[in-house]
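Visitor: Sequence:
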Amino acid sequence: ELEEWVAAALVPPSSGLLGEVFGRLLGRLYILVPSAVPLSGTAATNQIPGATEAERNLAVLSRVATPLISGSYAGPQAIACSLAQFEGSLEGLCRQRAATWIAEARDVLTLHQTLWAVKARVQCLNSKYL
98 ELEEWVAAAL VPPSSGLLGE VFGRLLGRLY ILVPSAVPLS GTAATNQIPG ATEAERNLAV
158 LSRVATPLIS GSYAGPQAIA CSLAQFEGSL EGLCRQRAAT WIAEARDVLT LHQTLWAVKA
218 RVQCLNSKYL
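Basically my numbering = 1-based index in the sequence shown + 97.
I should point out that these hints are in silico values taken from the structure, not numbers from a laboratory. Do not take every clue at face value.
What the hints assert, rightly or not - Pairwise CB distance ranges (calculated): (1) E201 to V130: 43 to 49 angstroms; (2) P110 to S224: 54 to 60 angstroms; (3) I199 to G116: 22 to 28 angstroms; (4) Q174 to V215: 15 to 21 angstroms; (5) A175 to V215: 18 to 24 angstroms; (6) N223 to A200: 33 to 39 angstroms; (7) C221 to A200: 28 to 34 angstroms; (8) V215 to P109: 44 to 50 angstroms; (9) T149 to L222: 53 to 59 angstroms; (10) R218 to Q193: 37 to 43 angstroms; (11) P109 to V219: 51 to 57 angstroms.
Everything numeric in this text was worked out from a predicted model, so none of it was measured. Note that beta-carbon positions come from the ideal geometry of N, C-alpha and C, so glycine has one too.
All chains, full assembly: derive it from the sequences and hints.
Guide: Laid out in structure tokens, this is it:
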């Protein structure tokens, strides 16, 4: 999924099929390094007034890429942090392509919260009757 989001970030706006092909080609050549620092020297590309949509999307994907690339499960806090960054920062086609992941992440967080509440309730009942 991450490669698809990078390709979507590199598609020029309103470019049609040729832009999609161009974005996919650049997406294959682009190396997403989570520890990379933007050329401007600031960590938050969203604060740079002249940054393009592609630069902002790629900055977000770079920040969130570490748990996604490694495939390691880091818990609900990492998912919530990634979700917040995606919802608050992704724009355009990249956000549309990530919409499925965003919905799934919300469902995972809801499930974690439900399981946590059930576990707490069972512990309360267990302590009451034992």
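Visitor: Look at each hint and say if it fits the structure.
Guide: Checked hints:
1. E201 to V130: 43 to 49 angstroms: violated (25 angstroms)
2. P110 to S224: 54 to 60 angstroms: Check passed, 58 angstroms falls within 54 to 60 angstroms.
3. I199 to G116: 22 to 28 angstroms: holds (23 angstroms)
4. Q174 to V215: 15 to 21 angstroms: About 19 angstroms separates the Cβ atoms of Q174 and V215, which means 15 to 21 angstroms holds.
5. A175 to V215: 18 to 24 angstroms: For A175 and V215 the Cβ distance comes to about 22 angstroms; the hint holds.
6. N223 to A200: 33 to 39 angstroms: holds (35 angstroms)
7. C221 to A200: 28 to 34 angstroms: holds (32 angstroms)
8. V215 to P109: 44 to 50 angstroms: holds (48 angstroms)
9. T149 to L222: 53 to 59 angstroms: holds (55 angstroms)
10. R218 to Q193: 37 to 43 angstroms: holds (39 angstroms)
11. P109 to V219: 51 to 57 angstroms: Since the Cβ atoms of P109 and V219 sit about 54 angstroms apart, the hinted range of 51 to 57 angstroms holds.
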